Structures are given as structure tokens and as C-alpha cells.
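Protein sequences appear in the order of chains A and B.
Mind the numbering: the first sequence is residues 1 to 256 in our numbering, read in order.
Mind the numbering: the second sequence is residues 1 to 116 in our numbering, read in order.
Watch out, some of these pointers could steer you wrong.
What the hints assert, rightly or not - Going by beta-carbon spacing under 10 angstroms, a handful of chain A positions derived as facing chain B:
(1) 26
(2) 253
(3) 256
Said to hold, decoys possible - DSS-like, lysine-lysine: derived pairs with alpha carbons at most 27 angstroms apart:
(4) A:247 with B:86
(5) A:191 with B:28
(6) A:35 with A:115
Hints listed in this document are in silico derivations from the structure and should not be mistaken for laboratory results.
What you are looking at is a predicted structure, and each value in this text was computed from that prediction instead of being measured.
C-beta: ideal position from N, C-alpha, C; glycine also.
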Amino acid sequence: MTARLALISSLAAVVMTGACTSYYEIPIETPIRPKLDVSAFQRVLVAGFISGGTEDVDGNLETTRLLRSQLRTKSEMRVIDTDVLPLMDVASESRATSEDAVPNEAQGTAPGVIKEDADLEPYEHVFADVEYWKRIGEEYQQPLIVTGTVMFAPQARSGIVQRDQEVYDSFGRRRVVPVRTYMERKGFVLKPRFIFIDGRTGTVLHSENFREEILYNANQTSPALSSYFELMDRLIPSFLSTLSSQKIKGTRVLLQ
Amino acid sequence: MRLRSLLFACLLTLSVAPLAADARSDAKKQVEFGIAVSQRGLWREAIYRWERAAQIDPTYAAAHNNLGIAYEHEGELDKARAAYEKALELEPDNTFIKQNYELFKEINDRTTRTDQ
Chain A
1 MTARLALISS
11 LAAVVMTGAC
21 TSYYEIPIET
31 PIRPKLDVSA
41 FQRVLVAGFI
51 SGGTEDVDGN
61 LETTRLLRSQ
71 LRTKSEMRVI
81 DTDVLPLMDV
91 ASESRATSED
101 AVPNEAQGTA
111 PGVIKEDADL
121 EPYEHVFADV
131 EYWKRIGEEY
141 QQPLIVTGTV
151 MFAPQARSGI
161 VQRDQEVYDS
171 FGRRRVVPVR
181 TYMERKGFVL
191 KPRFIFIDGR
201 TGTVLHSENF
211 REEILYNANQ
221 TSPALSSYFE
231 LMDRLIPSFL
241 STLSSQKIKG
251 TRVLLQ
Chain B
1 MRLRSLLFAC
11 LLTLSVAPLA
21 ADARSDAKKQ
31 VEFGIAVSQR
41 GLWREAIYRW
51 ERAAQIDPTY
61 AAAHNNLGIA
71 YEHEGELDKA
81 RAAYEKALEL
91 EPDNTFIKQN
101 YELFKEINDR
111 TTRTDQ
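Looking at chain A on its own, in the form it has when it is part of the complex:
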């Protein structure tokens, strides 16, 4: 009897100790230093992108416009307003003069149409064309140049997904239980690659790949452009943190 009492009291002590652990939620702001030292540049030129995937969204124009507006409000560099560079044409021309090869013909896709990642490859040499970027740099007073590729494509996926379902027991109490069901979903995938080029030398300083996707129920329709903005919205903070210091807000738990 005494042993049982001792056991119960020691268990109660353990439970009490655990229950008395105090914790406090606290908001924090983590300062993030820029990944790239851009102190040598006063100006930034978002030149344009080689884009593909879907015809519903012009990835080149939309990405250029969005990045310019974000940099205008969230970076200290002056954003150069100019026409978007026709990078696909530039890449095709320079390849034609060097190798006489037309992109995509080998893969059976119509020339100039980018449907998948592999279709980007014939154009990517343009980013390593130091002379071309140096010329662009001279034209715009040696800014930091932002360019790259943007793939925005529809995707469909089916399979088993887990979702929460409300159930009521015989006493009418509500419970939420995970249920695994087969679903057909469709949506979009966004795969941008941002390339930062030194406008003084024409060389690549830094490049970064991202991948974001969004999936909806198959019978739900969502315009491609709104999905594009939703996905870009997720990765814009990472893009900006390459160029300027950012503060990321969050909450942590202090323990006593």
C-alpha cells in the first residue's frame, strides 16, 4: 500500500514538473545578409528571361515586370526601365552564326517553342556570352544585370492524398481524422533560374534555381496568371535576399 502511494506520488511529481515547464512565444525578426555583394552597383537592369511551358502566361514579360516592381520598392538600387531584351532571338542568332543549328528541330518541337526543361538548353549559352553582356552593360552604364530562365507549365498528378475529415461519434462529439483518398489534381509548376551578371565584365556572378508548384482539385479551375503570381509570391523573398538585406519575421518559443 505504502509502495503504491509512493509510486503514485512520484508519478504525480513527474507530471507536475512537466506541466510547470513555462514557455513564452516571442516574435523575432531575423536579419538576413544579402548573398551577393552588390555594393559596387548603383543600378540594376532586369534584362529579360528565356521562358516557356505554357502560352497562357508570358513568363518573360511577367517576370521582368514583377521583379522590376519588387526591386523598385524593396532594394536600394535604381531600377532601369527599358524594353525587355528578346533573349531567345539573341540566343538563336548567336548559335546560328557559331554552329548553324536551330534549336528544338532535333527534338521535333517547333523552333522557338519551349515546352519542357530540355527545350531551354539550346538557348542557355547566351548567359555565358561575356561580350554580349558587356555590351549591354556599357549601354546601361554598367549595372547589375538580372536575367535567366522561367519555366511555367501545367501539370496533372493523381494518387493517394491524405486529407482531414470530420467525424462524429455516437455521443455526437466531433473529431477530425486523417483520411487517405485517391485524387486527381492539376495545377502548375514554376521553375525559374535567376542569373546575376556583372555589367562591367559581362561575367556571371551568381545563379539560383527555384521550384514551386501548386495543385488544385481536378474539377477546380484556376487561371494560369493567378497561379503564376501565387507561386512567384512564394519565392520573391528569396530572390530579394540575394540582393539586399531582409528581415524575416517569425515566432519562437522561449523556455524557462
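Position chain B against the provided structure of chain A, taking the given hints into account.
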């Protein structure tokens, strides 16, 4: 002889236990003060207090966890990682520490992600 050894061990345990309890109690006071000042935005003072707590009682996971948060807030991400990892080493099943560390890693990975 065996009885004497046993007696010595008991005495040693009894004499060390209050010392450990004192250390934890002192460390806890520092941690509490650190929490109070951090809530007023005085993060450097909080760091000083939690570093003191960790010195007094190096096995106090809360002190290391709180240091991780403070270093994160100050942008000292390497120190934050070390502090969180120490806290997790001491209390691997603490869900609060695990949650803080996961959120920290998300930010830290964002700052280091590059393909060149």
C-alpha cells in the same frame, strides 16, 4: 571496507545534489531575467543572461534554446545553430526546441541556397 565505501558514495551524492540544484536554481534566475528583458526588446542583455545561465548549468537546455533564438534575432546564424543543437542534444524529445530548430533551419537554408 565495503560499508565505508558505500557510506562515502552516499555522502558524496548527498553533498553534490544540493550543489546541482543550486546551479540550476541560479541558472533559472538568469533565464527568467533574460526572458523578461527579451520581451522588452533588450536582446543583447538577454544574450548575456542566457550565456551566464549556460555557464552556470551547461545541462540546462532552456538556456541554450533561448540563446539560439536570441542569436537568430541578432543575425548570428552560426551561433544560433550551435545553441539549438546543444539544446536538442540535452533534450532531444522537447517539441518546442525541435520546432524552433526547424524554423531556424528553414531560414538558414534560404540564406545559403545557391547553385554556383
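How the hints compare with the structure:
Here the hint on residue 26 of chain A is kept, as its CB sits about 6 angstroms from the closest CB of chain B, short of 10 angstroms. Interface restraint check: residue 253 of chain A against chain B, minimum CB-CB distance 4 angstroms, threshold 10 angstroms, status holds. Checking residue 256 of chain A against chain B: minimum C-beta separation of about 6 angstroms stays under 10 angstroms; hint holds. For the proposed pair residue 247 of chain A and residue 86 of chain B, the alpha carbon gap of about 25 angstroms is at most 27 angstroms, so the pair holds.
For the given pair, residue 191 of chain A sits about 49 angstroms from residue 28 of chain B by alpha-carbon distance, which is inconsistent with the 27 angstroms threshold. Between residue 35 of chain A and residue 115 of chain A the CA atoms are separated by roughly 31 angstroms; this puts the pair beyond 27 angstroms, and the hint is violated.
This entry does not satisfy hints 5 and 6, going by the numbered hints stated previously.
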